[in-house]
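S.K.: The residues making up each chain are set out below.
2 protein chains.
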Amino acid sequence: MATINENFLKLFNNYLFSEIARKVKAFKENHPDRNVISLGIGDVTQPLPKASVDAMARAVKDMENITTFRGYGPEHGYDFLINAIIKNDYLPHGIELSPSEVFISDGAKSDCGNIGDILSINNSVGVTDPVYPVYVDSNVISGRAGNRTNAGWSNVIYMPCNAENHFKPRIPQRHIDIIYLCFPNNPMGVVLNKEELREWVDYALENDSIILYDAAYEAYIQEEDIPHSIYEIAGAKECAIEFRSFSKTAGFTGVRCGYTIVPESLTASAPDGRRVSLNQLWNRRQCTKFNGTSYITQRGAEAIYTEQGKEQVRNTINYYMTNAMLMRNGFEELGVHVYGGENAPYLWIKTPDGISSWNFFDQMLHEANVVVTPGIGFGPSGEGYVRLTAFGHREDCEEAMKRIKQWMN
Amino acid sequence: MATINENFLKLFNNYLFSEIARKVKAFKENHPDRNVISLGIGDVTQPLPKASVDAMARAVKDMENITTFRGYGPEHGYDFLINAIIKNDYLPHGIELSPSEVFISDGAKSDCGNIGDILSINNSVGVTDPVYPVYVDSNVISGRAGNRTNAGWSNVIYMPCNAENHFKPRIPQRHIDIIYLCFPNNPMGVVLNKEELREWVDYALENDSIILYDAAYEAYIQEEDIPHSIYEIAGAKECAIEFRSFSKTAGFTGVRCGYTIVPESLTASAPDGRRVSLNQLWNRRQCTKFNGTSYITQRGAEAIYTEQGKEQVRNTINYYMTNAMLMRNGFEELGVHVYGGENAPYLWIKTPDGISSWNFFDQMLHEANVVVTPGIGFGPSGEGYVRLTAFGHREDCEEAMKRIKQWMN
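As given, the protein sequences belong to chains Z and V, one line each in that order. Take 54 as the starting number for the first sequence in our numbering and just add one per residue. Take 54 as the starting number for the second sequence in our numbering and just add one per residue.
Careful, some of the hints might be misleading.
Repeated chains share a single entry, so a pair holds when one copy, or any two copies, can fit it.
Said to hold, decoys possible - List of simulated lysine to aspartate or glutamate pairs, EDC-like, C-alpha gap at most 20 Å:
hint	residue 1	residue 2
1	K103	D115
2	K63	D325
3	K103	E385
4	K81	E420
5	K247	E285
6	K63	E285
7	K76	E436
8	K221	E277
9	K363	E117
10	K103	E360
Hints in this document: simulated from the structure, not taken from any laboratory. Here the structure is a predicted model, which is why all the values come from computation and not from measurement.
Isolated chain Z, as found in the complex:
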């Protein structure tokens, strides 16, 4: 008798975003005359950089001719893209990587979800609270999260982030084996400076922990002294895996490309105490269960690193960050506590008068016809907050802020 992976039964059936979609759909059906603006889901609205479009058009043509056609590519990605990444995303920050340390994939979500394959399910897991749900859910599926309790999952250590600690997790007092960190942060929009990140690297080295560092939003960093990569911190190559994405950097949410850095010097223990290279394990995992990223997509990603591509990416990020500023200013004028949005495309808003996340969501939807994301959906410490994204069209952001102002006044 075939049996299921029973860990799935422990997950709630509803996801945050499908619950939001259900509520929005019901509202629209009942109010077909209203123009609902979504500042909820983190999808981009600006088109791809022209450099990427042109490069992909050429790559599509390559596939038509027998002499330029490409079949299976390397599972870990083409050298042309790997070398562009090393040269442009790392060397300028003083980080040297070898091509074997860079793994191209179909996106950071896949890699964040699959990375657990190479780690024992007995490791304890640390996450910020609130947090991107994929980290926790993928650990629930594998059995690593343990069982659901009133205080969350039994094998997950939650690191609360709130106004008191400026939404930055405190260094744990106890030992944690695997720690997920995401900076610039989704959903809270905050960043760590080098000193703050150094404390985490030092903690991991002392505790022989692995940091899974999600840097999907690094391109939104505006200030100096904010690290773009965890490898800007000495020792990080001995304790950290870094995830990067082209989704928000260059509008690749529908094109699917990201990459993961697993340093050659990163090891973890086998049960017999022997140290094992995580780079080799991830390579073996990808060679067994993945067959590389589309050649066309990789050519599109490579083009981001041309002069033309860089300028187009910069323009798009400036566009979104202007949205963020506009929204930040709007909420500040209303006297609402607003966080994030300075080095990240997310704003984290304290609901007025202590009303709950979902109540505020409902009020915004019904009274201002604006969709946000309830903070509680990202974890218990998100209660009393909502997340807004800066990825919308400018005119939608402006219109949304106008309505919110009218409604809140």
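Since the structure of chain Z is provided, determine the placement of chain V on it from the hints.
M.R.: Chain V in isolation, oriented as in the chain Z frame:
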């Protein structure tokens, strides 16, 4: 202290294809004047159908304009492709599917590797011997395969395929929870007719087993009465998941697209005996650990189902099957036992005089300068055989057969 998934340590460090690549590289370095022809690895050589190229060129353009740009797509794929699949790949065979039963992905290898996520690691696993290595290796990684013994993995049941049983596995005498079947078969090139496949469906229904049916090569079927889908057999929707790929059908090895059918009526047991929908579990898995397939790629796949696309696919498959026939005839003239190649792009050749797979590989490489794949690499019953693929250029196939004839005479 972070610890690794120790199951990785049980895998051999060398993969079949990297060992082949190493030997070929060494030979070429020592014999730079020789023109080595590869009939080894299963990659295609013909370019994409023009219909797909044109559709992808248009899709790339869509991504340049703010009004036609596409961000995140549905995790399970766009309706335009799902509906084309149902209409063209299933309805003509009398199979009705709902869109929720079709999951688009970046390829059958990913899906075959990841499907284990939704099943308990305590299930027993049945595979043919020889077999595509991904099935076994992905079970080793998850711990489901058990431990390595002299007779193979302790929790894997091997179903030998040899000349005696016409390379078709016998229905097991004992109970197996999960059974991998691949027809048309890689590496042996054989097929099952409807009666033979019905026996497997009946076995699975009686034993409450799940069949993981890899139909990646169905487009190569030439004869009537050979099922293209397991769902042509009554009852299969209650016991089987089917994997399909555009890689070999339409040259998508470098573009990455496949799909998996998980019927709504397919269930398996939870530990408490309750029946759980595998469709819901796979949907949850994909929503958590995958973010959809490239929009551009999906438009390219959709175009395969246009009249122009179908004709181009047919021409390419005819080209490869002519290669297969040419190779089959060549070996038959030499008095060599040759199997497959009639409804599949693979030929399975008995080595002459009972010499070993690797010895024959070495001789072919050194004396005819032709690369094949040693059968032993696919499992113990592959000893004494080599696999040849029909995916080469015509002139290479002809030249390879000329050399093989000269060498063997």
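S.K.: Now, for every hint given, state plainly whether the structure supports it.
M.R.: Structure-based check of all given hints:
no.	hint	in the structure
1	K103 x D115	both (18 Å within a copy, 11 Å between copies)
2	K63 x D325	between (32 Å within a copy, 14 Å between copies)
3	K103 x E385	neither (36 Å within a copy, 55 Å between copies)
4	K81 x E420	within (13 Å within a copy, 73 Å between copies)
5	K247 x E285	within (8 Å within a copy, 61 Å between copies)
6	K63 x E285	neither (38 Å within a copy, 35 Å between copies)
7	K76 x E436	within (19 Å within a copy, 60 Å between copies)
8	K221 x E277	within (18 Å within a copy, 65 Å between copies)
9	K363 x E117	between (28 Å within a copy, 16 Å between copies)
10	K103 x E360	within (12 Å within a copy, 32 Å between copies)
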